[in-house]
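Each chain sits in its own coordinate frame; assemble them with the hints.
Chains as they are written, first to last, in numbering that gives the first Met the number 0: chain A, 0 to 450; chain B, 0 to 309.
Take these hints with a grain of salt, some might be off.
Unchecked claim - Calculated cross-link-like contacts (lysine to aspartate or glutamate; reagent style EDC-like; alpha-carbon spacing at most 16 angstroms):
1. A:Lys425 <-> B:Asp172
2. A:Lys444 <-> B:Glu76
3. A:Lys119 <-> B:Asp60
4. A:Lys444 <-> B:Asp73
5. A:Lys433 <-> B:Asp78
6. A:Lys194 <-> A:Glu175
7. A:Lys433 <-> B:Glu76
To be verified - Some, not all, of what chain B presents toward chain A, calculated at C-beta under 8 angstroms:
8. Ile58
9. Phe59
10. Asp60
11. Pro61
12. Ser77
13. Ser144
14. Leu168
15. Met255
16. Pro258
17. Met259
18. Asn260
19. Gln271
20. Ser276
Claimed, not checked - Example chain B residues on the side facing chain A (calculated, C-beta under 7 angstroms, incomplete):
21. Gly256
22. Gly257
23. Leu275
No wet-lab data here; the hints were simulated from the structure.
C-beta: ideal position from N, C-alpha, C; glycine also.
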Amino acid sequence: MRMGKKTGLRTVSRRMFLQKTGAVAGTLGLAPAIGAPFVSRALADTKTLKIIQWSHFVPAYDTWIDGFVHEWGKKNGIDATIDHIPHLELPARAAAEVSARAGHDIFGFNGSGGPHLFEKSTMDMTPLVEELEKKYGKVSKIGQQVAYDTTTKKWVAFPDYYIDFPVLYRKDLWDEIGMKPDTWDDVRKGGAKLKAKGHPVGIGLGHSVDPNNSYNSMLWSYGASYCDDTGKKVTLDSKETLEVVKFVKALYTEAETPEVLSWDDSSNNRFLASGRGSMIHNPISAYRTIQKSNPALADKIFVLKTPAGPVRRLAAGAPNSYIIWDFAKNKEAATAFLKDYCAHWKDAFIAATGYNHPLFPNLVPKPMPIFSDDPTSHPSDKLKVLETADDWCVVFGYPGPASPAADEVANNFIIPDMMAKAATGKMTPEEAVKWATQEVEGIYKKWAGRT
Amino acid sequence: MTAIAEPRRRAVARRPRFLLDRTEFMGPMFIAPAVLYVFALVGLPFLLALYYSVSAYSIFDPSYRFVGLKNLYDVFESDIFRHALWNTLMFTIGSQAIGLLLGKIGAMLLMKEFPGRGLARALVILPWAVPISLATLAWKWMFDSLYSVINWTLVAAGLVDVANQPQWLGQQDLAFAAVMTVQAWRLFPFGVIIFLAGYASVPKDVLDAATVDGAGFWRRNYQIIMPIIAPIVVIALIFGTVFTFTDLSVVYLLTMGGPMNSTQVLGSLAFQVGILSGDVAHGAMICLFMFPFLLVAVIVMLRALRRREI
Numbered sequence: 000m001r002m003g004k005k006t007g008l009r010t011v012s013r014r015m016f017l018q019k020t021g022a023v024a025g026t027l028g029l030a031p032a033i034g035a036p037f038v039s040r041a042l043a044d045t046k047t048l049k050i051i052q053w054s055h056f057v058p059a060y061d062t063w064i065d066g067f068v069h070e071w072g073k074k075n076g077i078d079a080t081i082d083h084i085p086h087l088e089l090p091a092r093a094a095a096e097v098s099a100r101a102g103h104d105i106f107g108f109n110g111s112g113g114p115h116l117f118e119k120s121t122m123d124m125t126p127l128v129e130e131l132e133k134k135y136g137k138v139s140k141i142g143q144q145v146a147y148d149t150t151t152k153k154w155v156a157f158p159d160y161y162i163d164f165p166v167l168y169r170k171d172l173w174d175e176i177g178m179k180p181d182t183w184d185d186v187r188k189g190g191a192k193l194k195a196k197g198h199p200v201g202i203g204l205g206h207s208v209d210p211n212n213s214y215n216s217m218l219w220s221y222g223a224s225y226c227d228d229t230g231k232k233v234t235l236d237s238k239e240t241l242e243v244v245k246f247v248k249a250l251y252t253e254a255e256t257p258e259v260l261s262w263d264d265s266s267n268n269r270f271l272a273s274g275r276g277s278m279i280h281n282p283i284s285a286y287r288t289i290q291k292s293n294p295a296l297a298d299k300i301f302v303l304k305t306p307a308g309p310v311r312r313l314a315a316g317a318p319n320s321y322i323i324w325d326f327a328k329n330k331e332a333a334t335a336f337l338k339d340y341c342a343h344w345k346d347a348f349i350a351a352t353g354y355n356h357p358l359f360p361n362l363v364p365k366p367m368p369i370f371s372d373d374p375t376s377h378p379s380d381k382l383k384v385l386e387t388a389d390d391w392c393v394v395f396g397y398p399g400p401a402s403p404a405a406d407e408v409a410n411n412f413i414i415p416d417m418m419a420k421a422a423t424g425k426m427t428p429e430e431a432v433k434w435a436t437q438e439v440e441g442i443y444k445k446w447a448g449r450t
Numbered sequence: 000m001t002a003i004a005e006p007r008r009r010a011v012a013r014r015p016r017f018l019l020d021r022t023e024f025m026g027p028m029f030i031a032p033a034v035l036y037v038f039a040l041v042g043l044p045f046l047l048a049l050y051y052s053v054s055a056y057s058i059f060d061p062s063y064r065f066v067g068l069k070n071l072y073d074v075f076e077s078d079i080f081r082h083a084l085w086n087t088l089m090f091t092i093g094s095q096a097i098g099l100l101l102g103k104i105g106a107m108l109l110m111k112e113f114p115g116r117g118l119a120r121a122l123v124i125l126p127w128a129v130p131i132s133l134a135t136l137a138w139k140w141m142f143d144s145l146y147s148v149i150n151w152t153l154v155a156a157g158l159v160d161v162a163n164q165p166q167w168l169g170q171q172d173l174a175f176a177a178v179m180t181v182q183a184w185r186l187f188p189f190g191v192i193i194f195l196a197g198y199a200s201v202p203k204d205v206l207d208a209a210t211v212d213g214a215g216f217w218r219r220n221y222q223i224i225m226p227i228i229a230p231i232v233v234i235a236l237i238f239g240t241v242f243t244f245t246d247l248s249v250v251y252l253l254t255m256g257g258p259m260n261s262t263q264v265l266g267s268l269a270f271q272v273g274i275l276s277g278d279v280a281h282g283a284m285i286c287l288f289m290f291p292f293l294l295v296a297v298i299v300m301l302r303a304l305r306r307r308e309i
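Just chain B, same shape as in the assembly (with noise of 0.2 angstroms):
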């Protein structure tokens, strides 16, 4: 019997269809989509953005010359470019910190019981769900020089005079803040989110247990909730990293990167020079130098993320 069974089974294994039912088969069939499309969309232009910033390539000239690292060169020596790569940074340092901070205050918040909770917890995602042209249209006219509602409540409170009044987009130091308190408005309801997951998944004991032990509200929060919450945080600090460092709208909705370029980031500049000017190689060349210090940022966190683990 044995010996009549064992020769259908593998009559059977043979047929093609059969690999349908492999696991090792299918799973890699079903990932291959996302796989795909990741690097249809994202690894490709990445390989694209190498190949123009080692060329000479422009939109007037669409044919490719090598060029080896002229770029590299031509863009280091451009002051613009240096003051932007430093805008870059300190525009999503800023940004992460006081969107964090403020998802963290508008999380706790939010965890308490009030009548309304559910419409003040759908208002918090207004800024994220709205169309960022709207919202920095809206932005705008707050800060605006002649209509400034900003403005024209700080001179109605006696705080300062109307020939004095701040130029939010015109002063070089308050239009870097204007741009950095957008884009921080624009993260915090993430931040939000992110602190109310990490909240909810904090044992309900474990806080009881530390809060009879005599733990405080500051002990309750960085020696056990902060730790506990730390690598979901990590990752909601990976994703708004990599989105603001990248990130040209706000700034280029806002300033266009002035007054002075002192507003200025890569992806604005990339822009400016690779689409408007229709440089691409140069365009290409600044984009590129987006990447290490994102492989960087991004593999610091992670491995910080390990330990803790660990």
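Only chain A is shown next, with the shape it has when bound in the complex (with noise of 0.2 angstroms):
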């Protein structure tokens, strides 16, 4: 007793200091399992929905998006919650989930290394999507390459929006010159006159996402690609191959600097709004985001399809599409959520101020909003030539189906080193086009035997 009183830190033995510490740590491990009753009740009692997805390039979509999720909880009486991650982190973040076979319900795919990647962990959407499809008519042929497998039969994911890819030009500086950038060897000569006015062309040739949009719409504009139709043989080593490069390398010494190795995909819409630019292939995000910065520039910007080659007119647009986990608490909560977003799709649609292309045809009819008629844009029909896109995008894969192969192919940026090897003179057009075969039918070769 007469030790106890004497509460001196030298008095203190580690016996002691070992039984006191033990005792509360041992409290404490025990708190959870005392309450656990109480606890899991006080869970099992609030619904929860949880969502994630990436954020968006136009902030007023989810500010829409933020606050359709939220009503939609309220009204069903779920903890409905969104986050949003920039769109590079979501395959970590997706690759993440599965692993610990725990996290949102909902996930919300944008780019490559979506749902067809992720299949055997995800639930079958295909009566979600036979049921949507019979409100909204059948899903568009760029939404089957996004979320439907030719291979098993089923929906992937639910598909959602794609972006597509047009032509953004400065028609004042265009007009000069008496031309138009419609076709890719238009782009090549004007963008060369010009260059020499102090306005060069620019499409980036670095490591990020528009590269390899831009350099694979080239690719099969001009009637190549790097697989067939069935998505399993690699037919990049053509002559159409060699003629695409041998173009790019022209279009890179004619109407480019050398600042187009080194950008990223915020790179092209800074140099559009510097003034300089008078032509970039890219969404319409550069354009929104001028017509804030300086309206009087945004006037002068006008928008095209993407370019034809000699052979057809097509497009690398990004495809989005929500997938529900097979481990997802709330199956029946995000099933329904998805019903009731659809059923708002044209509101996010308008939130989204055109950037987000619907995938079911009768979810915005044409006339289009914001297309047909733009408020904020100078004449406001600017925007109408976007009605036609799904005319002249596809997906990475094409013309196969989107695929883990195809997917690693645009993530390893094959295709724009090809091009950059072949317009810096590192190798000749025919050694890059043999570099680059031989990498994708690596790439091809390994997944054969898995998918």
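Take a look at the structure:
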């Protein structure tokens, strides 16, 4: 007892210290176990729905979807939350959630590495999509590429939207030379004239998302592709590929400057916003940003379909889709949410200022709002050409289906690197095609036995 | 009396609580959490990487199928991988050399008495303390193709003309130099701290005696100070080498491995293949290439250190 009254540090023995800390730790450790019956009942009474998706390039869209989720949760008595993360972080987050078999109920994929890669961990969306098709029409061709598995004949995702890749160009400058960038050859010839006047064209050649979209667009428009329509056979080594590589070399030398080699996805936007650039190949987000920062310049920027090549006119759209994990805690609520979201899709389209293209034909009937009459654009039908985007947009893997192999080719930037190697003279066009073919074949061979 | 006392002691020794007073028991007990922690966060992932690297495991098909050394062969066949391996070595050696050299110079300057030395010492730590994402964004702006403050200065000084200004992240050699510079910039405060600590441990009387004997700046530095502080510098070198060899953040944030994979390193490539593309098996195999290199580097450095101590 006497010892106990002395509380100075020196009198605390190691044994006493362990006894006291052990007792505290034990109590803390037992607390959850003691409280478990009460806590679990409380959790069971709270229905939750967790959604995650990218931070949209149009902030107004995020504001709209956040409000929609909140209101939907309130109306249905569900604690619904939505998280936004940068698009480049989505694949790692998805992999982590699958690995832990925990996380969100609904996962919104943006760009490559999406539902086809994760399809063994997702809920079969066929009943939902078929129900929605009855209401909103058959999903478009690009929508099928985004979310339908042609092998298993299942919808692996809810096809939400795609982001098109048109031409944004300075009409005033192109009018001066009496041209418009309607074909890739026009881009090169007109770009050369405008570069001489201090206004080059700019299509990024570095490692980012946009170059993948642009150079795949060129490949397809010249009749080339890196796989056939089965999505199994590599077809990159062709005279069409060689032709497009030679074209890119000429485009780089004659109409661009070396800065394109260092660009990330926002660089071409800044290039156009600076007033120096005469044309970029990019979604309309660049135009929307300039409308806010420099309305006078925005009035000079016009929109065209993706340029045509000698064979066809095609651009790589960026796919967006929602999946419900097979380990989701509230699949029923997740399905109900997507149905209601679909019913409000026109509001989503308006909130995104036309950036999100519908994949069900009757969601936003033509004439489409914003595109046919955009009060912020002068003239107000400046974006009308985007109503036709379904005709000239596909996703990576074309003419085959989207697949993990097609996505890995994109993730490894093989097509932009093939172009860059030839454009900068590091390799001859023939060597660059040979190098890229070897890399693509390696990837397709690797995935062949797995998918 | 002795006969009575001994059994009493034995009775106490038999009580289990007495274990808490035994050093041979408590020593391992205290170290066990640290060992478990290292095993759980380093050992297990390493074993898992080994396990995945000889399989066909992917995010698409997370079932396990043993494929032997096939992934090793596939990885070696890739031109991008071979390039990334070479880059990783150069990136590590280059940034370590620059970082330590700057660290030494910085420490020598900060040893001198001058007004505001405390503030200068605090500012030197900043590159190390600032989150890498923020710091790299700042560097990205400095290297920007349109608004580079470095190019603006060079143009204003008349050293380059606007049409031919360097593309820091667009030209292969410059891009590699840029990522190496940023990594060295991150590391040099660590070098400064290590050298400052080392200098403080050098006995002043030894230096005074050497000065009286006529030893100049270089001789004092390389024949007295460096041998004394070598052990601590080697430890810093080991830390820096491991951190840099396994790092992907600077490359990922600044260039994403471009242009044309000229800045691709093993860490960024493994992330690209294993996580972004979902091919966990090949990603794990790429990661494992770091292990033998780091093992050899650490063994060589530690042996050199031990020889010096003997």
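The hints, checked one at a time:
Only pairs whose Cα atoms come within 16 angstroms are accepted, and Lys425 of chain A paired with Asp172 of chain B is accepted, the gap being roughly 12 angstroms. Proposed proximity of Lys444 of chain A and Glu76 of chain B is supported: the alpha carbons are some 12 angstroms apart, at most 16 angstroms. A distance of roughly 7 angstroms separates the Cα atoms of Lys119 of chain A and Asp60 of chain B; the hinted pair therefore holds under the 16 angstroms criterion. A distance of roughly 10 angstroms separates the Cα atoms of Lys444 of chain A and Asp73 of chain B; the hinted pair therefore holds under the 16 angstroms criterion.
In summary, the hint linking Lys433 of chain A to Asp78 of chain B is supported, as the alpha carbons are separated by about 12 angstroms, within the 16 angstroms threshold. Taken as a hint, the Lys194 of chain A and Glu175 of chain A pair is honoured in the structure, with Cα atoms around 13 angstroms apart against an allowance of 16 angstroms. As the CA atoms of Lys433 of chain A and Glu76 of chain B are separated by approximately 14 angstroms, the hinted pair is consistent with the 16 angstroms bound. The interface hint given for Ile58 of chain B is met, as the beta carbon of that residue sits about 6 angstroms from the closest beta carbon of chain A, less than 8 angstroms.
Taking 8 angstroms as the C-beta cut-off, the interface hint given for Phe59 of chain B holds, the closest approach to chain A being about 5 angstroms. Among the interface hints, the one on Asp60 of chain B holds; its C-beta lies about 5 angstroms from the nearest C-beta in chain A, closer than the 8 angstroms criterion. Among the interface hints, the one on Pro61 of chain B holds; its C-beta lies about 7 angstroms from the nearest C-beta in chain A, closer than the 8 angstroms criterion. Satisfaction of the interface hint for Ser77 of chain B is found here, the shortest Cβ-Cβ separation to chain A being roughly 6 angstroms, below the 8 angstroms cut-off.
With a cut of 8 angstroms, the hint placing Ser144 of chain B at the interface with chain A holds, because the nearest CB-to-CB distance is about 4 angstroms. Given the 8 angstroms rule on beta carbons, the hint for Leu168 of chain B holds: about 4 angstroms separates it from the nearest Cβ of chain A. Contact between Met255 of chain B and chain A, as hinted, is supported at the beta carbon level, the nearest pair being about 4 angstroms apart and thus within 8 angstroms. With 8 angstroms as the threshold, the beta carbon of Pro258 of chain B comes within range of chain A, its nearest partner Cβ sitting at about 5 angstroms, so the hint holds.
Among the interface hints, the one on Met259 of chain B holds; its C-beta lies about 5 angstroms from the nearest C-beta in chain A, closer than the 8 angstroms criterion. Using the Cβ-Cβ criterion of 8 angstroms, the hint placing Asn260 of chain B at the interface with chain A is satisfied: the shortest such distance is roughly 6 angstroms. Given hint, Gln271 of chain B at the interface with chain A, holds; its Cβ is 6 angstroms from that chain's nearest Cβ, closer than 8 angstroms. The restraint placing Ser276 of chain B at the interface with chain A holds, with a minimum CB-CB distance near 4 angstroms, inside the 8 angstroms limit.
A distance limit of 7 angstroms between C-beta atoms decides the matter here; for Gly256 of chain B the minimum to chain A is near 5 angstroms, and the interface restraint holds. Among the interface hints, the one on Gly257 of chain B holds; its C-beta lies about 3 angstroms from the nearest C-beta in chain A, closer than the 7 angstroms criterion. Annotation: interface hint on Leu275 of chain B holds; nearest CB of chain A at approximately 5 angstroms, less than 7 angstroms.
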